[in-house]
Amino acid sequence: MKPMSVPERLTKNRFLLDEEHSHIEVNQEIAKATGTGQALVACCPAHVYAEEPDGTISVEYAACLECGTCLAVAAPGALKWHYPRGGFGIQFREG
Amino acid sequence: MTETPEPDFEVIVIGAGIAGCVTAYQLARQGHSVLLIERGEAPGSKNLSGGVLYSRGIEQVFPGFLAEAPIERRITRNYINFLNAVSSVAIDYRDARLADPVNAVTVLRAKLDPWLAGKCEEAGAIIMPGVRVDRVLTEDGAAGQRVVGVRAGEDELRSHVVVAADGVNSFIAKEVGLRRNEPLNHLAVGVKSVVRLPRETIEARFNLTGDEGAAMAVVGDCTEGVGGGGFLYTNTDSLSIGIVVRLDDLTAKKKVVTDIFDHFVEHRFIAPYLEGGELLEYGCHLVAEGGLGMIGEIVMDGMVVVGDAAGLTLNTGLTVRGMDLAVGSAVAAAEAVSSALERKDTSKAGLAGYRQRLFAGYVGQDMRTYAKAPAFLEVERMYKQYGELFADVLYGAFNLDTQPRRHLLGVARKTLARSPVKMRQLFRDGVAGARAL
Chain Z
1 MKPMSVPERL TKNRFLLDEE HSHIEVNQEI AKATGTGQAL VACCPAHVYA EEPDGTISVE
61 YAACLECGTC LAVAAPGALK WHYPRGGFGI QFREG
Chain G
1 MTETPEPDFE VIVIGAGIAG CVTAYQLARQ GHSVLLIERG EAPGSKNLSG GVLYSRGIEQ
61 VFPGFLAEAP IERRITRNYI NFLNAVSSVA IDYRDARLAD PVNAVTVLRA KLDPWLAGKC
121 EEAGAIIMPG VRVDRVLTED GAAGQRVVGV RAGEDELRSH VVVAADGVNS FIAKEVGLRR
181 NEPLNHLAVG VKSVVRLPRE TIEARFNLTG DEGAAMAVVG DCTEGVGGGG FLYTNTDSLS
241 IGIVVRLDDL TAKKKVVTDI FDHFVEHRFI APYLEGGELL EYGCHLVAEG GLGMIGEIVM
301 DGMVVVGDAA GLTLNTGLTV RGMDLAVGSA VAAAEAVSSA LERKDTSKAG LAGYRQRLFA
361 GYVGQDMRTY AKAPAFLEVE RMYKQYGELF ADVLYGAFNL DTQPRRHLLG VARKTLARSP
421 VKMRQLFRDG VAGARAL
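Protein sequences, first through last, are from chains Z and G. Numbering of the first sequence is given in our numbering, commencing with residue 1 and proceeding in unit increments. Numbering of the second sequence is given in our numbering, commencing with residue 1 and proceeding in unit increments.
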């Protein structure tokens, strides 16, 4: 099987995007001060988080697979993360 | 605090996974009014597992399970593999007895869970998909907080009992203080691809016939030395392949989780299984690995916690279990809730039978038996040195390089002397492993 990038893999999944509301919010100051930013980038299987050239952490919430790993590794206060609103987000067809 | 006189339902179950569906089914079947709320657009659409369900428990709930439910393959081959960069040592355990009676099956949750939810509906439960429960409703009573229902958006629904079956992240159990934020050594992340292959190809590659299936558990180079392992399970016409890595070790070693996943699926001994396959889906799931030490309070006034939400998963090194424990906890909870409803006492004391039943049955007993497994599986040597040590001993035996041979024991001694593993560590880990697993 040929290697695929993470964004390529995600195109195989079914997502119902909540265009009005992101379920993820990074507190940039705490993320920077605690090193949580790098931990978020490294732990997310969907590459939702990326470190920008200015050091801030950007969030591609539409790609979220809703596992909760980021919330587990984040320093207190660095991340607000909840499930998307009912009916939105990843909809597994295999599981 | 007494029960609400006329609630909307006797029981509200949050989450239509295995634990939630089995609890709802058991209670609805006994004539209780049950609402099953699911945040996915349909039951199963938020649910993902590695894929092996030890099926005896669920067969007791649904006697026709194996014939009727959308299961993939019946596991008759367990392949336990120490995988190194250029070598691999495995135990290949096949047994016809595992097929009769069937002991374990592979499942895909987006297919299985709608079947389970259908059973709940047949039994009289109301299913409400596409709704996220934001929080539970509580009232202050003499004995502290009592759960009296749920809130979802603008809607409030009241019940005598709420069943939190909302998965490993259980926002509900955390909100009311039953669960804390777990230390990272109690948590792992699983990453998985489902890869389509023709069923004949799967049967040829894994040496299977009919609906027989294989489950591979891999430890070592697959996780680049991070605590955890790899897995490869056969479905009917696809493979479930992935890794599970402990979060404390992943973050301490500053590894990128997707690099580890890619390293595993592209490994020279793993990639051939996937050759010609087509990716169907890519997913991930947080895994509770704390074992017995992770189970805290699972009962309070008006609420019980079941399945992953209660931290009920077990990694014994050989078997990785969660779904069968979800079934067992659901059965125990449903018995206790039903009894509490009949006695009109759904306080913490009235629901205490859940914990007693849980620990009297296989779920609690096994959590106790394997209480030392999580600490044992944190031994670093498991994830690098041991696999290499085993392969080096065998290399010494098989590599006939025209030098005079030594006896196997001599080869083993010499290999151990060169390995970073010390004799006393090998001895200590062997004893600890025998006690923990």
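The hints are simulated quantities; they were obtained by calculation from the structure and are not laboratory data. Do not take every clue at face value.
Said to hold, decoys possible - Pairwise CB distance ranges (calculated):
{"#": "1", "chain 1": "Z", "residue 1": "T11", "chain 2": "G", "residue 2": "H407", "range": "52 to 58 Å"}
{"#": "2", "chain 1": "Z", "residue 1": "I30", "chain 2": "G", "residue 2": "A432", "range": "36 to 42 Å"}
{"#": "3", "chain 1": "Z", "residue 1": "L17", "chain 2": "G", "residue 2": "A432", "range": "46 to 52 Å"}
As the list claims (entries may be wrong) - Pairs of lysine-lysine residues, derived as DSBU-like cross-links and limited to a Cα-Cα distance of at most 35 Å, are as follows:
{"#": "4", "chain 1": "Z", "residue 1": "K32", "chain 2": "G", "residue 2": "K253"}
{"#": "5", "chain 1": "G", "residue 1": "K372", "chain 2": "Z", "residue 2": "K80"}
{"#": "6", "chain 1": "Z", "residue 1": "K32", "chain 2": "G", "residue 2": "K344"}
As the list claims (entries may be wrong) - Only part of the chain G face toward chain Z is listed, based on derived beta-carbon distances under 7 Å:
{"#": "7", "residue": "R109"}
{"#": "8", "residue": "L137"}
{"#": "9", "residue": "E139"}
Small disclaimer: the values here were computed from a predicted structure and weren't measured. Virtual Cβ for every residue (Gly too), placed ideally from N, Cα, C.
Status of the hints after comparison with the structure:
| no. | hint | result |
| --- | --- | --- |
| 1 | Z:T11 <-> G:H407: 52 to 58 Å | holds (57 Å) |
| 2 | Z:I30 <-> G:A432: 36 to 42 Å | holds (39 Å) |
| 3 | Z:L17 <-> G:A432: 46 to 52 Å | holds (49 Å) |
| 4 | Z:K32 <-> G:K253 | holds (19 Å) |
| 5 | G:K372 <-> Z:K80 | holds (34 Å) |
| 6 | Z:K32 <-> G:K344 | violated (53 Å) |
| 7 | R109 | holds (3 Å) |
| 8 | L137 | violated (17 Å) |
| 9 | E139 | violated (24 Å) |
Of the numbered hints stated above, those contradicted by the structure are hints 6, 8, 9, listed in ascending order.
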